[in-house]
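There are 2 protein chains.
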Amino acid sequence: MSPYVNLSTWISDEGPEQDVVLSSRVRLARNIEGIAYPNNARKEELETVTKCVQEAAKNINKDKLHYINMDNLPEIEKGLLVEKNMVSPEFAKKGSKNGILLNNSEKISVMINEEDHLRIQVFMPGLQLNKALDMADELDDDLESSLDYAYSKKWGYLSACPTNLGTGLRGSVMVHLPALNFTDSIAKMLEAVSKLGLVVRGIYGEGSKSIGNIYQISNQITMGSTEKDIINNLESVTQKIIEQERRARNNLMKNNEIKLKDKIKRSFGILKYAHTISSNEAMRLLSNVKLGIDMGIIDIVNTRLMSKLIILIRPCHLQKNVDNELSAEERDIIRAELIQSKLNV
Amino acid sequence: MSPYVNLSTWISDEGPEQDVVLSSRVRLARNIEGIAYPNNARKEELETVTKCVQEAAKNINKDKLHYINMDNLPEIEKGLLVEKNMVSPEFAKKGSKNGILLNNSEKISVMINEEDHLRIQVFMPGLQLNKALDMADELDDDLESSLDYAYSKKWGYLSACPTNLGTGLRGSVMVHLPALNFTDSIAKMLEAVSKLGLVVRGIYGEGSKSIGNIYQISNQITMGSTEKDIINNLESVTQKIIEQERRARNNLMKNNEIKLKDKIKRSFGILKYAHTISSNEAMRLLSNVKLGIDMGIIDIVNTRLMSKLIILIRPCHLQKNVDNELSAEERDIIRAELIQSKLNV
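Residue numbers (the working numbering), protein chains in the order written: chain G, 1 to 345; chain B, 1 to 345.
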């Protein structure tokens, strides 16, 4: 089995503050001096970029990166990479002279010829923004030793889109906020967050709605601050959100214990026995079950179950499991079976 | 522990046609010559009746009957007897010079000084009307050897209410008809049944609605036919209903397999994990689960589960379990726990 059909360790491993923070991500946008940005580049230029970056990666021995050529990849394998957030949906669609570097744990992914020549991404379980930044910086330095990055003293790192100028850094956290959602305090919290220079999105990136009470929070501004400051700001806002969510959970337990426990346990029962289940319903129920695990109401499954299942129940992962194309109706049945197999451990 | 807090064997034992028929019951109404019917009798007359019947019961050696004096019985114990159908609710409320004879398996119960001096009842699991009639007749003969029954050559056995004149026989079956209910054919079926001289009621007797797709079917007319004919008519109509219900189940499986399986399995999951559950919801879900067991969709629990649980989840049985008075809210939680303990075997 190819390495990219396994579940990345940042999805399954435990991490700090994992009762609220599913995962942290840091990405750096980088471009090579003297070559047009991918969307304006000629084929040969794109080829030059992939070659240079692959060559630069070979010199890095610490955490071996392997290259996956997107051009030759079957659609299902591309879909798997998208569903694991290793690549963006737009990147998977391109399929011309683009590819990625992945390490074995899949904590590191470098998209080559996405919107920028390089998109260095580091994923970590739980709240580990600083660690993710350190790892990204280290890889960035290693690559920079062989690559000539486009850099201006005035603007910092140059990028295809001006919103990435400067540090080229986007930090983000995936947070699970069921209690804030139940108590209707989510809107107020999200408003406050956006005033702090941060953006809130649904689970599948820009424009996507929240499913399963999961929100992605990331920095808006990449310029005028140091990398450290950007990450520390995001981290401290996240800490405040964690506090609020935990307080909301305690209040729920104090004021609505019976209803809360009932909702959570029934969600578990339905997930465990349903014959067929849609993706949206599964996400909604998984959210309840994760809340139950994190509040000590359910103790037979691990809290990482949700972060694993939200990947595993997506269409390409389901199809990969049965090695077959599936109709929507079949998918709902296979999804129910898959969830049950994971709940029976 | 007194014998009357155990679950009667007719509730837990297996029986013929148990996929549709939960249980069969036969009762004979008898009165003693020269004594006023209970509702018009003086205290001393009622006492005479209980004494005579107790005395007569002592001479029966085959299946030892023990006497329970309703006058001295705590409310909770009366409630248990009602919930197991050993006595009628009206009989339990009386509490003056009345009592019952029960055998150990609780297949036989004789109410003394209900509406009539004697109400001999025999309960059997599944469809066993003829066997129940034989047992009732045998007990009736044994008692008659010491008691002087009120009998007229013209009218047969005399009874307090004219609707019981003649044979004094009421046969009934408790049937589970979920598929006929799902497919909306139940109304037509029930109409046909009432044209055949039978009466359909909900699970808790006269005037009660059907809960959990359970219906009680019994003969209307007690006079002008022999006991055998009355029972054979009821049995043959029941056989037809069984056929129709089974056909409706097969059709459901053919036309709605996914939806059917999903509904049944989810019902099982909710019963297994709910934190709190009302009696009505439990009955509805238990009905789905029994259907699933009988159709081979669920194979980890026995089909008698439902007939046991519909007794065990009733208020007095729940309270007896925890040996404590319970609020409605507490009852719903204890009910959920009880169901789960029975589903975990």
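Incorrect hints may have been included.
Identical copies look the same in the list; a pair holds intra-copy or inter-copy alike.
Claimed, not checked - Only pairs whose alpha carbons sit at most 20 Å apart, straight line, appear in this in silico SDA-like list of lysine to any residue:
id, residue 1, residue 2
1, K261, E281
2, K259, I333
3, K263, N104
4, K131, S105
5, K320, S146
6, K153, D141
7, K263, N280
8, K259, L338
9, K93, I242
10, K263, E281
Just so you know, the hints here were simulated from the structure itself, not pulled from any lab data.
Could you work out which of the previously given hints the structure breaks and list their numbers from low to high?
3, 5, 9
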